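J.: So for the sequence shown, the numbering used here puts the first residue at 52; every next one is plus one.
Some hints could be false.
[Stated by the list, open to error] Here are the simulated BS3-like cross-link-like pairs (lysine-lysine), alpha carbons at most 30 angstroms apart as the crow flies:
(1) Lys132 / Lys99
(2) Lys223 / Lys410
(3) Lys307 / Lys398
(4) Lys392 / Lys109
(5) Lys223 / Lys239
FYI, nobody ran anything at the bench for these hints, they're computed from the structure. This structure is a prediction, so every number in the text was calculated from the model and none was measured.
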Amino acid sequence: MKIITYILFLLLASYLASAIGITPGKVTEDFSPGLERDVGFSVINSEKKDMNVLFYVKGDLGEHVTLNKQFDAFSRFDETKSYTYSIRLPERLNPGKHVAEIVALELPPGAYQQGTFVEAGRDGGNVSVAVIQPLGSSTFVGAVAGVITQFEIFVPYPGKFIEAELDIYQDKNTGKTIFSIAAISRGKLDIVNLKADIDIYTSLNQKVGTIETDSISLTSGRRGVLLKEWMPDVPPGPYRAVATVHYDENIIELEKVFNIGEVILEIESIEVKNFQLGGIGKFEVTVRNIGSSDILNAYLNIVVFNKEGETMADFKSPTYDVNALSREKMIAFWDTAGVQKGVYEGKIILHYLEREDEKPIQLQISEDSIVVIGATGRVVLAGRGRFDINTILVVAVLVLMFINIGWFVYLRFLKGRNIRIREEKKNQGVEIVKK
52 MKIITYILFL LLASYLASAI GITPGKVTED FSPGLERDVG FSVINSEKKD
102 MNVLFYVKGD LGEHVTLNKQ FDAFSRFDET KSYTYSIRLP ERLNPGKHVA
152 EIVALELPPG AYQQGTFVEA GRDGGNVSVA VIQPLGSSTF VGAVAGVITQ
202 FEIFVPYPGK FIEAELDIYQ DKNTGKTIFS IAAISRGKLD IVNLKADIDI
252 YTSLNQKVGT IETDSISLTS GRRGVLLKEW MPDVPPGPYR AVATVHYDEN
302 IIELEKVFNI GEVILEIESI EVKNFQLGGI GKFEVTVRNI GSSDILNAYL
352 NIVVFNKEGE TMADFKSPTY DVNALSREKM IAFWDTAGVQ KGVYEGKIIL
402 HYLEREDEKP IQLQISEDSI VVIGATGRVV LAGRGRFDIN TILVVAVLVL
452 MFINIGWFVY LRFLKGRNIR IREEKKNQGV EIVKK
């Protein structure tokens with residue numbers, strides 16, 4: 052019976068949505084032999100409730116990470132708490148990507164920090180865990196949900212090597228499909244000629260199009276983007292893109308499934324209320340399900356690039372269920388400590404039904420506001436306040452008032468000028484009579 056209960060919890064755990072948030076989603080560093088660094092992160096009590104949180108580390112860099120705290124208690128008055136972990140890298144690591152993941156788990160009621168934790172499922176930056184713990188003479192079995200922050204480094208390859216990602220966007224205004232291949236030169240040598248051929252297939256593996264990007268060069272450690280537009284003359288439905296990326300004498304293949312004319316979840320608005328640069332920004336993204344079926348376990352992912360095109364922020368929301376023909380507000384947190392004012396490129400990705408709907412965005416960041424362009428096809432203001440109907444009415448009244456004042460001054464001026472002209476003519480007539 053206990054085994055059956057345990058298996059059921061393993062199955063159910065993957066459907067849990069986390070009540071906590073974590074930021075930043077990812078910290079990236081260039082590899083430096085013997086690097087020692089303390090890294091900060093914050094846990095957000097999204098539902099403002101009493102809870103216990105357990106921390107643990109996983110990933111191939113896990114043995115090089117030390118947590119400053121492994122367990123903590125939140126009260127309903129604790130909106131956020133800050134923590135650190137220490138990373139101490141060895142003198143040598145194999146070429147490629149290396150990751151440490153710090154997991155924050157909200158423990159179920161009645162559980163303590165001791166026990167056995169078995170990871171049951173993962174969806175983006177969220178993790179589901181089954182808990183088996185002795186409680187007196189009986190065994191407590193529960194399921195919890197957690198969130199993850201990552202520490203990532205990349206050790207350069209000898210020679211030439213690229214790390215690339217294929218993104219596919221739909222332009223509603225033009226009907227075009229935009230293919231974007233972001234590539235980072237991860238080798239020690241520069242790349243002279245970088246280009247890509249992209250083949251497009253139906254779900255039945257029938258090729259319906261081939262396009263070729265322009266060529267660019269890429270120096271070691273830098274990021275470049277290959278862009279190509281395609282006007283689809285095909286029926287709506289799922290398609291598969293296979294990109295063959297050529298960099299000098301080397302090639303890699305990228306593959307992605309995308310949809311034409313079948314958007315089910317769409318972003319309606321993005322708000323970041325009471326924002327202050329350097330603090331934690333709470334992104335409230337309203338999405339609408341325009342389909343006729345419920346969508347389970349949907350979540351969003353926001354990626355922000357720095358001036359060099361490298362990922363400076365990568366944060367995710369918990370998972371949400373969005374009922375048919377209804378709206379849902381998804382929440383994601385971004386710790387902007389160390390972020391400078393300016394304009395940043397990025398992308399927002401909606402994950403649902405084993406698909407990814409991506410849109411490029413631009414974030415204009417000031418001391419107390421964020422302007423997001425691109426996600427909804429219009430500018431979305433976020434910060435201390437919003438342009439609601441009351442604001443619009445006040446502005447309209449002020450404009451009308453200034454127009455009326457202007458007309459009043461102008462009419463007074465005309466009236467005064469006419470009086471002066473009549474007086475001058477009258478005086479001229481008197482002088483003529485006297486003569």
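J.: Hint by hint, say whether it matches the structure.
T.: Here's how the hints hold up against the structure:
no., hint, verdict
1, Lys132 / Lys99, "holds, 12 angstroms"
2, Lys223 / Lys410, "holds, 11 angstroms"
3, Lys307 / Lys398, "holds, 17 angstroms"
4, Lys392 / Lys109, "violated, 34 angstroms"
5, Lys223 / Lys239, "violated, 40 angstroms"
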